[in-house]
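Student: Residue-level listing of the chains:
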Amino acid sequence: MKSNEVILTISNLSKKFGDNVVLKDISTSVTKGEVVVIIGPSGSGKSTFLRCINYLEVPTGGEIDFEGQILNPKSKEHVLDIYRSKIGMVFQSFNLFPHLTVLENITLAPMHVLKVSKEEARARADELLKNVGLSEKINAYPRDLSGGQQQRVAIARALAMKPDIMLFDEATSALDPELVGEVLKVMKDLAHTGMTMIIVTHEMDFAREVSDRVIFMDKGLIVEQGTPQEVFNSPKEKRTIDFIRRL
Amino acid sequence: MEAELGFWAFSKMIVLPRLMEGMGVTLKLTFISGILGLILGMFLALMRISQFKILNWVSILYITLFRGTPLLLQILFIYFALPTILEAYQINMILDSFSAGILALSLNSAAYLAEIFRAGILSIHKGQTEAARALGLSRHQTMYKIIIPQTYRRIIPPVVNELSALTKETSLVSVISLGELLYMTQRLGSRYLRVWEVYIWAALGYLIIVMILSFIASRIEKRLELKGGV
Chain A
1 MKSNEVILTI SNLSKKFGDN VVLKDISTSV TKGEVVVIIG PSGSGKSTFL RCINYLEVPT
61 GGEIDFEGQI LNPKSKEHVL DIYRSKIGMV FQSFNLFPHL TVLENITLAP MHVLKVSKEE
121 ARARADELLK NVGLSEKINA YPRDLSGGQQ QRVAIARALA MKPDIMLFDE ATSALDPELV
181 GEVLKVMKDL AHTGMTMIIV THEMDFAREV SDRVIFMDKG LIVEQGTPQE VFNSPKEKRT
241 IDFIRRL
Chain G
1 MEAELGFWAF SKMIVLPRLM EGMGVTLKLT FISGILGLIL GMFLALMRIS QFKILNWVSI
61 LYITLFRGTP LLLQILFIYF ALPTILEAYQ INMILDSFSA GILALSLNSA AYLAEIFRAG
121 ILSIHKGQTE AARALGLSRH QTMYKIIIPQ TYRRIIPPVV NELSALTKET SLVSVISLGE
181 LLYMTQRLGS RYLRVWEVYI WAALGYLIIV MILSFIASRI EKRLELKGGV
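Just so you know, the protein sequences line up as chains A and G, in that order.
The first sequence maps to residues 1 to 247 in my numbering.
The second sequence maps to residues 1 to 230 in my numbering.
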């Protein structure tokens with residue numbers, strides 16, 4: 001599914017919280033259709049990196065080139081709003097809107113951000129819910145769904161914006177073990193459609209199977225990256241070797 | 001002649017007709033200042049959490065001032081002192097006791113309601129804002145479509161508390177001779193020299209208003225509970 005067309009280039013991205021340096025000059029690029037998995041120990045900066053990509057955390061320095069548009073810490077808020085609308089994000093804790101039904105969760109942003117008509121948004125929601133296997137839950141509220149179902153709705157909600165890239169921030173970490181599979185399956189299906197994805201996960205089998213590239217991060221740096229075979233089977237850096245061995 | 005009337009006859013013929021009149025004024029005071037207080041309180045809460053520092057400070061100053069001084073003083077100040085101050089600036093404003101009462105009560109309750117709203121907004125999990133912003137919703141849309149609707153059920157109990165307090169505090173307006181429930185009660189009591197028969201009805205009057213308020217609130221709470229339980 002991977003092509004050679006670069007859609008996201010990250011240059012010297014850094015993030016500090018006070019004196020605490022969380023990301024140190026990270027540079028990488030992502031091509032259209034590529035599935036990138038980021039692994040690494042807790043506190044390595046993986047989640048912060050993901051959150052900086054869509055500016056939920058404003059980076060301290062560096063630049064992002066997304067489809068030719070340049071974003072940096074000085075970018076105006078309305079520019080960032082438009083940018084974020086093109087990048088889907090799935091959170092560890094689902095973050096569905098509890099006061100809205102499944103349908104309303106999915107149609108809210110398309111209707112209010114993209115100004116899509118109610119009928120069109122509804123039709124798209126129907127289709128997305130079918131894809132994630134939750135058509136019958138369309139009028140349910142989030143509290144009536146299991147964690148796995150909530151996360152599938154959250155994926156559908158992000159996809160409703162027709163994003164060019166999807167970010168997954170430990171999407172299965174908060175789930176009971178028996179519910180992890182259903183969410184990973186939806187993510188796998190999505191990867192097969194050619195969606196560009198950046199995934200932070202602890203599910204190594206999934207990473208091996210689905211990713212085009214694995215990035216190993218530690219202490220705010222990209223320590224090593226390569227195909228899943230390279231990183232998992234013949235890691236070069238000592239820190240990567242230690243991490244892989246402990247799995 | 002009235003002195004010989006029994007409790008029920010005295011109540012029915014003399015007390016209740018006057019007190020109903022006073023209760024009408026109390027209801028109007030409560031209702032109008034409640035609505036105005038809710039609106040102003042919402043503005044103050046939004047100012048308090050705004051990204052513009054100057055708005056924060058205006059809101060903090062306002063809330064500190066109105067929560068830090070007695071309501072009775074505020075009523076007297078608005079009724080007696082405000083016109084004098086304005087006069088010095090060539091503004092002639094005649095404030096009748098009803099308008100002064102409404103003004104004092106709404107300005108005062110707004111300060112308390114603002115803190116309730118602010119606490120409600122801050123109690124919504126950060127993940128809700130993040131999810132909304134990640135979808136491309138603006139700061140404004142996130143606040144009005146995602147955050148504020150989720151605060152409704154949480155803030156109903158403290159808001160009802162505040163509105164009940166407001167109902168009872170309307171009685172303070174009697175000091176500027178506004179014919180609300182307590183003022184009418186005091187007048188009747190001293191005119192007929194039959195105190196307990198009069199005050200007991202006044203107490204009942206306030207009790208009824210507060211109970212109706214609580215009833216409406218619990219209905220709203222139940223209805224919201226059906227909608228997603230937040």
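Treat the hints as calculated values from the structure; they're not laboratory data.
Glycine residues also receive a C-beta, built at the ideal position from the N, C-alpha and C atoms.
Treat each hint with caution, since some may be false.
Only pairs whose alpha carbons sit at most 30 Å apart, straight line, appear in this in silico DSBU-like list of lysine-lysine [unchecked claim]: (1) 28/G / 126/G; (2) 16/A / 126/G; (3) 118/A / 222/G; (4) 118/A / 24/A.
Only part of the chain G face toward chain A is listed, based on derived beta-carbon distances under 8 Å [what the hints assert, rightly or not]: (5) 135; (6) 137; (7) 149; (8) 186; (9) 190.
Label-pair restraints from in silico Cβ distances [claimed, not checked]: (10) 69/G / 68/A: 55 to 65 Å; (11) 52/G / 61/A: 44 to 54 Å; (12) 120/A / 96/G: 50 to 60 Å; (13) 136/A / 125/G: 19 to 29 Å; (14) 20/A / 83/G: 55 to 65 Å; (15) 214/G / 144/A: 22 to 32 Å; (16) 81/G / 20/A: 24 to 34 Å; (17) 221/G / 139/A: 17 to 27 Å; (18) 81/G / 21/A: 12 to 22 Å; (19) 17/A / 24/G: 52 to 62 Å; (20) 61/G / 194/A: 41 to 51 Å.
Student: Compare the structure with each hint and give your call.
Tutor: Hints versus structure:
Among the hinted pairs, residue 28/G with residue 126/G is inconsistent with the structure: their alpha-carbon atoms are about 40 Å apart, more than 30 Å. Of the pairs offered as hints, the one joining residue 16/A and residue 126/G holds, with about 20 Å between alpha carbons and a cut-off of 30 Å not exceeded. For the suggested pair residue 118/A and residue 222/G, the alpha carbons sit about 29 Å apart, so the restraint of at most 30 Å is met. Taken as a hint, the residue 118/A and residue 24/A pair is broken in the structure, with Cα atoms around 44 Å apart against an allowance of 30 Å.
Hint status for residue 135/G relative to chain A: holds, with the closest Cβ pair at about 4 Å, below 8 Å. With its C-beta approaching chain A no nearer than about 6 Å, residue 137/G sits inside the 8 Å limit, and its interface hint holds. Evaluation of the residue 149/G hint against chain A yields a held restraint, the C-beta minimum of about 5 Å falling below 8 Å. The restraint placing residue 186/G at the interface with chain A is violated, with a minimum CB-CB distance near 47 Å, outside the 8 Å limit.
Among the interface hints, the one on residue 190/G is violated; its C-beta lies about 53 Å from the nearest C-beta in chain A, farther than the 8 Å criterion. The given range of 55 to 65 Å is respected by residue 69/G and residue 68/A, whose C-beta atoms sit roughly 59 Å from each other. Between residue 52/G and residue 61/A the beta carbon distance is about 26 Å. The supplied range of 44 to 54 Å is therefore violated. For the pair residue 120/A and residue 96/G, the beta carbons lie near 56 Å from each other, so the given range of 50 to 60 Å is met.
As the Cβ distance of residue 136/A to residue 125/G is approximately 27 Å, the hint placing it in 19 to 29 Å holds. Roughly 58 Å separates the CB atoms of residue 20/A and residue 83/G, a value that falls within the hinted 55 to 65 Å. Checked against the hint of 22 to 32 Å, the pair residue 214/G and residue 144/A passes, with Cβ atoms roughly 29 Å apart. Range check, residue 81/G to residue 20/A: about 53 Å between beta-carbon atoms, so the 24 to 34 Å window is missed.
Judged by the Cβ atoms, the range 17 to 27 Å given for residue 221/G and residue 139/A holds: they are separated by roughly 22 Å. The supplied range of 12 to 22 Å is broken by residue 81/G and residue 21/A, whose beta-carbon atoms lie about 57 Å from each other. Remark: the range hint 52 to 62 Å for residue 17/A to residue 24/G is upheld by a beta-carbon distance near 59 Å. Under the hint 41 to 51 Å, the C-beta atoms of residue 61/G and residue 194/A, about 56 Å apart, miss the expected range.
This entry does not satisfy hints 1, 4, 8, 9, 11, 16, 18 and 20, going by the numbered hints stated previously.
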